[in-house]
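Peer 1: In case you want the letters, here they are:
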Amino acid sequence: MRKVVIPIGPQHPALKEPESFSVTLSGERIMAFSARLGYNHRGIEKACEERTYVQDVYLIERICGICSHAHSTCFVQAVEEIAGLAVPERAQYIRTIIAELERIHSHLLWLGIAGHEVGFDTLLMYTWRDREVVMDVLAALTGNRVNYGINTIGGVRRNISPDQAKDILKAVDTLEERTKYYMKVATEERTLIERLAGVGTLSHEDAVNLGAVGPTARASGIDRDTRRDDPYAAYGKLSFKVITDNHNDVYGRTLVRCGELMESYNIIRQAIREMPDGPLAVKAPRRIPAGEAFSRYEAPRGEDVHYVKANGTEKPERVKVRAPTLANLQTVEKMLEDGQLADLPIVIAAIDPCFSCTDRSIVVREARKRSRNILKWEDLRSYSVEWYRNNRGLDFSKLNRKMAGRLL
Amino acid sequence: MTALFNMLIFPGFLFLAVFGLFGEYIDRKLYARLQNRVGPPWFQPLADLIKLAAKEDIVPEEANPSMFKAMPIFALTATVTASFYIPLWKTGALFSFNGDLIVTLYLLTIPTLTYFLGGWYSTSLYSKIGAIRSLTQLFAYEVPLLMVILAPALLANTWSLSEMALFYSIHPWYWLFNIIGFIISIIALLGKLEKVPFDIPEAETEIVAGTFTEYSGRLLALFRFSIDIEAIVGSALIAAVYLPFGLGLGGAAGFAIFVLKIVFIISILALSRTLFARLRIDQMVEFCWKYVSPFAFLQILINLILKGVLAR
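As they're listed, the protein sequences go chains W and Y.
Under our numbering, the first residue of the first sequence carries the number 1, and numbering increases by one thereafter.
Under our numbering, the first residue of the second sequence carries the number 1, and numbering increases by one thereafter.
In short, the hints are calculated from the structure, not lab data.
Given the structure is predicted, the values throughout are model-derived calculations rather than measurements.
Among the hints, erroneous ones may be present.
To be verified - Here are the computed lysine-lysine pairs in the DSS-like style, where the Cα-Cα straight-line distance is at most 27 Å: (1) K55(Y) - K402(W); (2) K184(W) - K241(W); (3) K3(W) - K46(W); (4) K180(W) - K166(W); (5) K69(Y) - K402(W); (6) K69(Y) - K16(W); (7) K315(W) - K46(W); (8) K398(W) - K69(Y).
All chains, full assembly: derive it from the sequences and hints.
Peer 2: Rendered as structure tokens:
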């Protein structure tokens, strides 16, 4: 059969955010796969340089709609390190509790998406119903369902009262029971296992070589978790297991995420039990002294990395964000080798991609030419016609002429 | 005049249309309730249809316009025509002749063929992949379906659906022999209607809407409508062949039993939609040839032996 190149994205039902993938197919088999990032670039890093540190906390929080606490914690940790602030212990525990609640909502969300990608919408409806439990808890604790705004430089902004702690424990009990049920579904439902097992295989060596992070790496047997390896917040004082799996496929990634959910419930219970009394925050200076810091955080999707450089003013000189999806995206091509078109959505979804977190811009200039090319409207049109003819085998020249005539 | 009334209004096109929309409502509502959702109100399928019919028809630049526009009409016509040969709540169908069994099955295959042609002639990549998939799937489920529909016919010693219904209403307990066939025909109907776990040709997360990607407006409305009616006609065929009770009653009681049977079959379809994940095309074909076809053979074998035993 003739090879066809089909575009998955930038607009496609499988993707929740715009991102462009090109798949070369021979029948149902995937011959080549390429990803193109950059549809969600928002210039956040640059915008951070224009704002004060406190404003940046809120801006950074909006990098991602799901792991917002991950990004803001990662950023404030870096700033606190530069400023040499000692964050009160209670604040660290509160950060941990919010972080784990966020992981729960993110993993439940992923489980639903995974179900949807393989056409198992019942799982989507069930997990997202239960996800409301944790969303309600987060809203009660912080006033918001996604962008919690609980972090501030030097601590947290809101306390957790004993009543709220009771509510959290109650929600955790409910969710633990439900998660056990989902684990049962994932390990016993035949059609679901058929679609997950042996799909998107990423061997241990490949995972190491491509620098996979988070559950994607842990499902390939890499025993790595920033929470344990480089403890931040209150994780150093809590005991928990790092879940790994040797299935190397999407099924393994599902098991790892379900296992992590169970661990999160334990961590929350421990943290609430051991949370000491004390102040919520220390006062942070307006001007952060010159210096630089590198901060790591185990987000639900993997290791999130922030770099902050301060120059002694009230605005940072440079903020650099590396979201976990960027580290994991390279593995997708490997996972799809010899894959089928039907597996593509679930394989992409299995790294739990968050493209809007990932997109950063790079300006590429030709070394020899000084000036950047400026394209006129007609040039742009003929460029796009050429591009589609060469890369997608579609000829839009007739349509282009017609459209041009209509416009003039 | 009566024939025209029968064909167009009752129990022909208009009745099927209303029942088809009702069937879609039952399916959607049950699916929603099983998933812990509220589900649509009773008029939602009709509202969807009216909304679609009011939208603009867009024919892709590259598509073959006449084929593109004709296919939904073919699909609708074929399914409605098929219903004329199926005994609904009486032992006799609207029309019948010896061999209408094959004609009905043939007419019920046409919609799948129109999905293929409609997808193929819209020339979009997603549509073409969907089209190829629906044809691949057809070859997997159609053979077992044909075999298990033939098995009860062998027992009844006729090729006419009406005479089969008559035979089974004379021997009311013979339907128990055809249980395997009933299950297999439900599986085949799932494939025919392209419902989970066999909604591979329109797998939304892979190929957008498959065959129907380029369809919009009235043409899409016609396609959706024909799928609704196909669900009813397919269920009616299964009900007539495998659940032949109450056919002798006729009148209001027979009609009520008929509605119950269709709702029962549609509920099974909705349940399977809730319970399973979508299979891959290779898994689907493998499943049909490896497990479903042998059981279909078994059904034929059972009926052949029974025929010999019972004739004695």
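Peer 1: All hints are to be evaluated individually against the structure, with a verdict given for each.
Peer 2: We went through each hint and held it up to the structure:
no., hint, verdict
1, K55(Y) - K402(W), "holds (24 Å)"
2, K184(W) - K241(W), "holds (20 Å)"
3, K3(W) - K46(W), "violated (42 Å)"
4, K180(W) - K166(W), "holds (21 Å)"
5, K69(Y) - K402(W), "holds (23 Å)"
6, K69(Y) - K16(W), "violated (32 Å)"
7, K315(W) - K46(W), "holds (11 Å)"
8, K398(W) - K69(Y), "holds (23 Å)"
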